[in-house]
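Below, each chain spelled out in residue letters.
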Amino acid sequence: MRRIWLTVIVALAAACGGGESERPASLEVFGIRVAGADYGQELHLFTWSDYLDPELVAEFERTYDVTVRIDYYDTNEAMIAKLQAGGTGQYDVVVASDYAVEVLRKADLLLPLTHANLPNLKNLSQRFREAPFDPGNVYSATYQWGTSGLGVRPDLADDSTRVIDSWAMVFDSASAVGPFTMLDDPRETIGAALIYLGHSPNSQDDAELAEAERLLMEQRSRVLTYSPFATSRDLLASGDAVVAHNYSGDVLSVQEEVPQVRFVIPREGSIVWSDNMAVPKGAPDRRLAELFINYILDGQVGARLSNFTRYASPNEASVPAIDPELLSDRSVYPDSAMLAKMEFLRDVGEARAAYDRIWTRLRAGATPGG
Amino acid sequence: MRRGRDWLLAWTAAPGLTYLGIFFLVPMLLVVVFSVLEGTPDGGVRPSLTLDNYRRALDPLYLRILARSAWLALLTTGVSLALAYPTAWAIRTGSPRRRGLLLALVVIPSWMNLLIKNYAWIVILRREGVLNTALGSLGLIDEPLSLLFAPSAVLIGLVHTYLPFMVLPLYVALDRMDWSLVEAARDLGAGRAAVFMRVVVPQTLAGVAVGCTLVFIPTLGAFVTPDMLGGPDSLMVGTLIENQLLQVRNWPFASALAVLLMAVAAAALAAVRRLQGAAGPGALA
Amino acid sequence: MKAGWSARATLLAVLAFLYAPVLVLVLYSFNDARFSATWQGFTFGWYQRLLESPETAAALRSTLVVSLSATALATVLGTLLALGLHLRRFRGRATIELLLYLPVVAPDIVMGVALLAFYVAVHLPLGRLSIILAHVSFQIPFVALIVKARLQDFPAEVIEAARDLGADEGAMIRHVLLPIIRPGILAGALIALALSVDDFLITYFTAGAGASTLPIRIYSMVKRGVTPDINALSTLLLAATLILIVAALKLQKRPNPESM
Numbered sequence: 042m043r044r045i046w047l048t049v050i051v052a053l054a055a056a057c058g059g060g061e062s063e064r065p066a067s068l069e070v071f072g073i074r075v076a077g078a079d080y081g082q083e084l085h086l087f088t089w090s091d092y093l094d095p096e097l098v099a100e101f102e103r104t105y106d107v108t109v110r111i112d113y114y115d116t117n118e119a120m121i122a123k124l125q126a127g128g129t130g131q132y133d134v135v136v137a138s139d140y141a142v143e144v145l146r147k148a149d150l151l152l153p154l155t156h157a158n159l160p161n162l163k164n165l166s167q168r169f170r171e172a173p174f175d176p177g178n179v180y181s182a183t184y185q186w187g188t189s190g191l192g193v194r195p196d197l198a199d200d201s202t203r204v205i206d207s208w209a210m211v212f213d214s215a216s217a218v219g220p221f222t223m224l225d226d227p228r229e230t231i232g233a234a235l236i237y238l239g240h241s242p243n244s245q246d247d248a249e250l251a252e253a254e255r256l257l258m259e260q261r262s263r264v265l266t267y268s269p270f271a272t273s274r275d276l277l278a279s280g281d282a283v284v285a286h287n288y289s290g291d292v293l294s295v296q297e298e299v300p301q302v303r304f305v306i307p308r309e310g311s312i313v314w315s316d317n318m319a320v321p322k323g324a325p326d327r328r329l330a331e332l333f334i335n336y337i338l339d340g341q342v343g344a345r346l347s348n349f350t351r352y353a354s355p356n357e358a359s360v361p362a363i364d365p366e367l368l369s370d371r372s373v374y375p376d377s378a379m380l381a382k383m384e385f386l387r388d389v390g391e392a393r394a395a396y397d398r399i400w401t402r403l404r405a406g407a408t409p410g411g
Numbered sequence: 014m015r016r017g018r019d020w021l022l023a024w025t026a027a028p029g030l031t032y033l034g035i036f037f038l039v040p041m042l043l044v045v046v047f048s049v050l051e052g053t054p055d056g057g058v059r060p061s062l063t064l065d066n067y068r069r070a071l072d073p074l075y076l077r078i079l080a081r082s083a084w085l086a087l088l089t090t091g092v093s094l095a096l097a098y099p100t101a102w103a104i105r106t107g108s109p110r111r112r113g114l115l116l117a118l119v120v121i122p123s124w125m126n127l128l129i130k131n132y133a134w135i136v137i138l139r140r141e142g143v144l145n146t147a148l149g150s151l152g153l154i155d156e157p158l159s160l161l162f163a164p165s166a167v168l169i170g171l172v173h174t175y176l177p178f179m180v181l182p183l184y185v186a187l188d189r190m191d192w193s194l195v196e197a198a199r200d201l202g203a204g205r206a207a208v209f210m211r212v213v214v215p216q217t218l219a220g221v222a223v224g225c226t227l228v229f230i231p232t233l234g235a236f237v238t239p240d241m242l243g244g245p246d247s248l249m250v251g252t253l254i255e256n257q258l259l260q261v262r263n264w265p266f267a268s269a270l271a272v273l274l275m276a277v278a279a280a281a282l283a284a285v286r287r288l289q290g291a292a293g294p295g296a297l298a
Numbered sequence: 025m026k027a028g029w030s031a032r033a034t035l036l037a038v039l040a041f042l043y044a045p046v047l048v049l050v051l052y053s054f055n056d057a058r059f060s061a062t063w064q065g066f067t068f069g070w071y072q073r074l075l076e077s078p079e080t081a082a083a084l085r086s087t088l089v090v091s092l093s094a095t096a097l098a099t100v101l102g103t104l105l106a107l108g109l110h111l112r113r114f115r116g117r118a119t120i121e122l123l124l125y126l127p128v129v130a131p132d133i134v135m136g137v138a139l140l141a142f143y144v145a146v147h148l149p150l151g152r153l154s155i156i157l158a159h160v161s162f163q164i165p166f167v168a169l170i171v172k173a174r175l176q177d178f179p180a181e182v183i184e185a186a187r188d189l190g191a192d193e194g195a196m197i198r199h200v201l202l203p204i205i206r207p208g209i210l211a212g213a214l215i216a217l218a219l220s221v222d223d224f225l226i227t228y229f230t231a232g233a234g235a236s237t238l239p240i241r242i243y244s245m246v247k248r249g250v251t252p253d254i255n256a257l258s259t260l261l262l263a264a265t266l267i268l269i270v271a272a273l274k275l276q277k278r279p280n281p282e283s284m
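Chains A, B and C supply the protein sequences, listed in that same order. Convert by adding 41 to the 1-based position in the first sequence; the result is the number in my numbering. Convert by adding 13 to the 1-based position in the second sequence; the result is the number in my numbering. Convert by adding 24 to the 1-based position in the third sequence; the result is the number in my numbering.
Isolated chain A (complex conformation):
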């Protein structure tokens, strides 16, 4: 019995241990002298998986003589919940989508950025320096951005002559071209219905929301499934779905395997999103966090990042170094006429309960208003 306990204790001790190493007192990087005492030696990043080129991580580690440790979350909501329940002291930089920045800010979970430490902030395009969820980059700096819309398989469509650039393909049974999936995300899917009806995806108007609910209830029996973006992408690739409500990058990545796949931003408009870097309250190393954010905002680094993720870059200084094929793709970088019809999702505050009621009734198989 005693041996077992001993084993357990040794295992626990081993689990908690960790090595320490010496680091230089100061060094010079790109002509800027960085005092060693300014920041620690470990940067803790909380982000999506496969969202940062490992070569950039290695370069950052080499340049500043630090170690980058990355932890992953699977949804913005899970990330918010972890920070809100007290997990704030863990991370130096979190990557949060537009509305998530707003939620974190309102919950008083973010530190304001020290602009003096972020000279590269000027590289962000106007659109992201005055983003509605954080005007003036007080708390966040944009990392990547993209849109949601419809992935289509014209080769499998019932009637290939049909127009394929409208939400009608999923909302109007007369315009349907085949089996389709919707995103398993209340805001995206209710937002799509609102846009199709000519309303804002951030509507807080009861009548508009009721109209959207009726549309979604009518649509439900024709939906193959409400799926997360990875499943929805796979179903489009396999042909089980002919139309899939999804994010741009996820649909476009399928093209390398199934070239027939197209991504369309419906003519009624759609939702634009951005992921942003922010420093949570209680961050162990605020100075190092800002060093990292400034590094990502560098023009060359930003271009390499976008070439790796295949998403759009918010960085104007990156444009010359971005893969021209990516840059000319209108579904990655929509033109300004289309951009004018796109909206960021915002935190809807008290209306969140109304959105939740619609979603719960929809997914529970209840009847409208029931």
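I should point out that these hints are in silico values taken from the structure, not numbers from a laboratory. From the three backbone atoms N, C-alpha and C, an ideal C-beta is built for every residue, glycine too. Each hint should be verified, as a subset may be incorrect.
[Stated by the list, open to error] Here are a few chain B residues that sit away from chain A, every Cβ distance over 10 Å (derived from the structure): (1) 38; (2) 63; (3) 114.
[Unchecked claim] Chain A side only, calculated, beta carbon under 7 Å to chain C, not exhaustive: (4) 82; (5) 85; (6) 90; (7) 110; (8) 112; (9) 115; (10) 118; (11) 127; (12) 140; (13) 271; (14) 300; (15) 336; (16) 339.
Add chains B and C to chain A, keeping to what the hints say.
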């Protein structure tokens, strides 16, 4: 002698109970406290007591979701029991040298990550998937079966996940059983069915009860599998709680739902124990 | 009584059912396609990619440390708990037994968030230890319930007999109790290990920075859709488990044919 006995009995249960007291009951008390607080639109709580969260949980919409989850859990338990009993039986009555290997073979698939496993089921069950292709080429079906994104797929996924939880307790029960009674009954001319019903089943009831509990209860709160394999109207209580906590950030309501779910499960367990108690003392562990 | 053909047929059917997704997983780990939709040709590429990923290796290490230590601790505590509940008649025992089921039914996400809030309140630093402590709390009931089922109908006279023969407590436990409940302990430990290895939500909330386990890595990767190298990893893990277990069974000297 007496002193030694007390010493043994005093310490055995204590460490485990203390542990659960600290790392389960205390955090769960936090949940109970949350469930009677008022939520704020920002996802926080107001320090004022209310029973509104429980009142809201009794809305027919939520009761319907709970009933559907309970039905699915019951179905999963029934199918698992029907498959696991003969399986455990075949393992226990087979060659002693193969028992360990067969049990390991039953358990190993449950170490496969749930997401990966469900993705594999999507590949198997989809319209032009492995199963439909196989059945079609064998001439068994004319039209592909629409199994995926329907309750059938959820049932398949859940049984796959929880079957080992049924097989292991059943095997342990069969292994512990007094097999000489079986031989004796056979020698006295009892038929296979009679031996099974009168001798085997009563001796393995404790294992059946534990197995059913270990399958029914986790399935009741399952949400990953219904989410991934279920159809458009497959919302289960596990997903409902997750949505309330993460999407709506209404922690008090999520807490109330969780407390209610635990109460329902505890009530079901108490009922089963009472039934078992009436059937025969000591029938249930 | 031998197994009839129907029981043996069920066993085979059950194994086929259990291994169907495993087979797909193994096959697709060699599929030259990123989106696992259709068969695109044979490749070793995902295994190569796997070897080049230090993060996956770190997550694997974290998972092994967490699962093995948690399972060891939970098996000891759960077994003792079952013994105590079975051997001692005391007031409130029935209630405690019922309470044992609560961690089984508590929704993972609620338990994860509650544990995180609790850790923060008592200033327990988040790391690997905090994950292990959380895992043990949901593993104990599973071990205790399965061991207790094994103890059911265990004749108390055996203990008395051992005592009358002058055995002390330690000898009694080693030579009388343990051999009887060993299969129960093993079964409980196997289930506890399975639960720990694959736990996502509770681990996610209780993990400190840098302590991410494999399920966290897998969830975040699969949600973004980089699955083939995860298929390769799962295949390797399943193969390693199978080889270890078969080797252990071969090596095991078995004095007692009744044991697992």
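Report task. Give me the numbers of the hints this structure contradicts, sorted from smallest to largest. Result -> 4, 10, 12, 14, 15 and 16
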